[in-house]
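Q: Letter by letter, the chains look like this.
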Amino acid sequence: MNAPKHMRMREKLILRVAAKSLLPFFFLFALYVQFHGDFGPGGGFQAGVIFAAGIVLYGLIYGIEAAQAVIPRIWVEIGVAVGVLIWGGTGIATMQSGGRYLEYGKLDPEHVVHGQHLGIMFVELGVLCTVASGMTLIFYLFAGRGR
Amino acid sequence: MSSYLGLWHYHACILLMMVGLFAVISRQHLVKKILGLTITQVSVIMFFVAMGKVRGGTAPILETMNHDEVVRQAHDVVFSNPIPHVLMLTAIVVGVATNALALSFVVRIKESYGTAEEDEVLAADHADSVAESAKEHALESEAT
Amino acid sequence: MMDVPIEALLFFLLLVTALTVARLRDLYAASMMTAIFSLLSAGLFVLMDAVDVAFTEAAVGAGVATVLSLGALSLTGSREAKKRAQVFPFVVVALTGAALIYGTLDMPHYGDANAVIHSHLAPDFIEGSAELEIPNVVTTVLASYRGYDTFGESFVVFTAVLGVILMLYRSKKDAS
Numbered sequence: 001m002n003a004p005k006h007m008r009m010r011e012k013l014i015l016r017v018a019a020k021s022l023l024p025f026f027f028l029f030a031l032y033v034q035f036h037g038d039f040g041p042g043g044g045f046q047a048g049v050i051f052a053a054g055i056v057l058y059g060l061i062y063g064i065e066a067a068q069a070v071i072p073r074i075w076v077e078i079g080v081a082v083g084v085l086i087w088g089g090t091g092i093a094t095m096q097s098g099g100r101y102l103e104y105g106k107l108d109p110e111h112v113v114h115g116q117h118l119g120i121m122f123v124e125l126g127v128l129c130t131v132a133s134g135m136t137l138i139f140y141l142f143a144g145r146g147r
Numbered sequence: 001m002s003s004y005l006g007l008w009h010y011h012a013c014i015l016l017m018m019v020g021l022f023a024v025i026s027r028q029h030l031v032k033k034i035l036g037l038t039i040t041q042v043s044v045i046m047f048f049v050a051m052g053k054v055r056g057g058t059a060p061i062l063e064t065m066n067h068d069e070v071v072r073q074a075h076d077v078v079f080s081n082p083i084p085h086v087l088m089l090t091a092i093v094v095g096v097a098t099n100a101l102a103l104s105f106v107v108r109i110k111e112s113y114g115t116a117e118e119d120e121v122l123a124a125d126h127a128d129s130v131a132e133s134a135k136e137h138a139l140e141s142e143a144t
Numbered sequence: 001m002m003d004v005p006i007e008a009l010l011f012f013l014l015l016v017t018a019l020t021v022a023r024l025r026d027l028y029a030a031s032m033m034t035a036i037f038s039l040l041s042a043g044l045f046v047l048m049d050a051v052d053v054a055f056t057e058a059a060v061g062a063g064v065a066t067v068l069s070l071g072a073l074s075l076t077g078s079r080e081a082k083k084r085a086q087v088f089p090f091v092v093v094a095l096t097g098a099a100l101i102y103g104t105l106d107m108p109h110y111g112d113a114n115a116v117i118h119s120h121l122a123p124d125f126i127e128g129s130a131e132l133e134i135p136n137v138v139t140t141v142l143a144s145y146r147g148y149d150t151f152g153e154s155f156v157v158f159t160a161v162l163g164v165i166l167m168l169y170r171s172k173k174d175a176s
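Residue numbers (the working numbering), protein chains in the order written: chain A, 1 to 147; chain B, 1 to 144; chain C, 1 to 176.
No lab work stands behind these hints: they were computed from the structure.
Each hint should be verified, as a subset may be incorrect.
[To be verified] Have a look at the derived ranges for each label pair, beta carbon to beta carbon:
no., chain 1, residue 1, chain 2, residue 2, range
1, C, 152, A, 146, 32 to 38 Å
2, A, 96, C, 149, 20 to 26 Å
3, B, 123, C, 148, 45 to 51 Å
4, A, 32, C, 149, 21 to 27 Å
5, C, 20, A, 95, 49 to 55 Å
6, A, 20, C, 152, 15 to 21 Å
7, A, 69, B, 119, 40 to 46 Å
[Claimed, not checked] Here are the computed lysine-lysine pairs in the DSS-like style, where the Cα-Cα straight-line distance is at most 30 Å:
no., chain 1, residue 1, chain 2, residue 2
8, C, 82, B, 110
9, B, 110, B, 135
10, B, 110, C, 83
11, B, 110, B, 33
12, B, 135, C, 82
13, B, 33, C, 82
[As the list claims (entries may be wrong)] Every beta carbon over 12 Å from chain C, so not counted as near; a handful from chain A, in silico:
no., residue
14, 17
15, 91
16, 135
The structure displayed is predicted, hence computed values, not measured ones.
Don't be surprised by glycine CBs; every beta carbon is placed ideally from N, CA and C.
Next comes chain A alone, as it looks inside the complex (with noise of 0.2 Å):
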C-alpha cells in the first residue's frame, strides 16, 4: 500500500521473524478448526477465514507479490468457484445414491449415521475452500488496486 518508505513493514525485523514463525501454527489451526467442528466450537466458515487471515498476514508483511507467488491469484479464483461446486456436488452424489438432494444419509448404504458423517465432512470442506479463497481474493484486489 502507499506508506511511506520507512514505515513499510516488510523492513521491520521483528514483524518478519514473528509472522514467519507463526504462520505454520495459523494454517494448523485452520485444519483443526476445521476438522473438530463436529466435536466443539468450530466448521468450515470459521477455518475458511482463519486460513485467509493467515495469507493476509503474509501478504501484509512480506508484500503482496511474495504472498500471490505462494498463493497465486488465479489458484483462489477457481477456489471460491470450486467450494460452490464441492457442496452442489455433494448434492448431486446423494440423488446418484438414491436419495433426495443433500440426503447425506444415502451416501453410506450400509450405515445413515456414516454416511451422514460423510456428507457434512464434504460440504464443511466446501465452506473453507469458497470462504478462504474468497477473502483471499478480496484482500488481492483491494492490495493490488493501490499501485
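Got chain A sorted already, so can you dock chains B and C onto it with the hints?
A: Okay, now just chains B and C, sitting in the frame of chain A:
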C-alpha cells in the same frame, strides 16, 4: 414497570444499533458509513443471539460420544437454543463479503470523483446535470 | 445471576466504543475501534452461550474485516472533513429506537426457558444431533438440517466476491 427490567439486554442491543444507524445517516465519508453499518450489523446479530439464550443453560455442545449417554444427556441438560446461532454464524461471514463489495464501490467512487465524501459526490453530480441541461438548452435554441 | 455485572460492563464498553467510532474523524483509528467493538461483542456472545458465533465474530471482525477497511482507506484517504451537526439524524435515530423498544415490550424476558422459540424445533435438533453422534449441535443444524440455507449462504459469498472482482479487477495489461 419492573416486568420490563428483564428486557434490558434487548434494549442495550437496540441502543447500540441506534449508534450505528446514526453513524450511517449523519456521517459524510462513505467508509465511515460502512463502519457504522458494521456496528449496526453486529448489534442486530447480538439481538438475535440474545433471544436464543436460556438462563442456566450451556453452549449447545453435547459432552459424550456414547450413544445412549448422549440421548439421555440431551434430555437432562439445559442447552441454549442453537437455531439463532446457526443463522447468525452464516450472516457474519456473508456480512463481511457484502461489506467488501460496498467498500469496492467506495473505491471506484473515489477514483472517478476524486472524493469519498457523500455531499461532495452529490454536488459534483448536480453540477454535471446542470451543465448537461444547459448544453441541451443551447443546442435546442440553436436548432430553432 | 453471576453474569449480569459482566454483561452490563461489556455492554457499557461496547456503547463507549460505538460512540467513539461515530465521533472519530481519523478513519484509521475508527476502523481499529471497530475491531475492538467486534472483539468485545465476541466476549458477550460467549456469555450468551453462542461459542460458534463468538469464534466467527472474533476471526472475521478483528481479522479480515479490519484489514479490508484499512485497505479501502489507503485508497480513499483517511480524514473525514469536519461538518456541522444536524438535527435530522438525531430525530430519525430516536424515532427508530423508540419504535424498536416499543416492539420489544411484549417479548419474553432474556433467558426465559419457557419462551416459545425454545419449546419447538430446538429440542428436536438437539436430539437429532445426538442420534447422528455429532456433539456440536450447531454443526449438525448448519450442514444437515439447514443444508439448503447454508448452500445459499456460500453462494452469496461467491456472488459478493464476483461483484468485487467486477469492480476492482485490473489485469496486467491495464496496469502498464
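Q: Take a quick look at whether residue 33 of chain B and residue 82 of chain C sit within 30 Å of each other, Cα to Cα.
A: Within the cut-off at roughly 15 Å; holds.
Q: Given a hint of 49 to 55 Å, does the C-beta separation of residue 20 of chain C and residue 95 of chain A actually sit inside it?
A: 53 Å, holds
Q: When you check the alpha-carbon spacing of residue 110 of chain B and residue 83 of chain C, does it fall within 30 Å?
A: 19 Å, holds
Q: For the range 45 to 51 Å, tell me whether the beta carbons of residue 123 of chain B and residue 148 of chain C fit it or not.
A: 46 Å, holds
Q: For residue 91 of chain A, is the shortest CB-to-CB distance to chain C above 12 Å, so the non-interface label stands?
A: 8 Å, violated
Q: Hinted pair, alpha-carbon criterion (30 Å max): residue 110 of chain B, residue 33 of chain B. Please report holds or violated.
A: Distance of about 14 Å is within 30 Å: holds.
Q: Would the hint linking residue 82 of chain C and residue 110 of chain B be met if the CA-CA limit is 30 Å?
A: 18 Å, holds
Q: Between residue 110 of chain B and residue 135 of chain B, does the CA-CA distance stay at or below 30 Å?
A: 26 Å, holds
Q: Confirm or reject the claim that residue 20 of chain A and residue 152 of chain C have a C-beta distance inside 15 to 21 Å.
A: At roughly 39 Å between Cβ atoms, residue 152 of chain C and residue 20 of chain A fall outside 15 to 21 Å, so the hint is violated.
Q: Between residue 32 of chain A and residue 149 of chain C, does the beta-carbon spacing fit 21 to 27 Å?
A: Given range 21 to 27 Å: holds, Cβ gap about 26 Å.
Q: Is 20 to 26 Å right for how far apart the beta carbons of residue 96 of chain A and residue 149 of chain C are?
A: 23 Å, holds
Q: Is the gap between the beta carbons of residue 69 of chain A and residue 119 of chain B within 40 to 46 Å?
A: 43 Å, holds
Violation of the numbered hints given earlier is confined to hints 6, 12, 15, 16; the remaining hints are satisfied by the structure.
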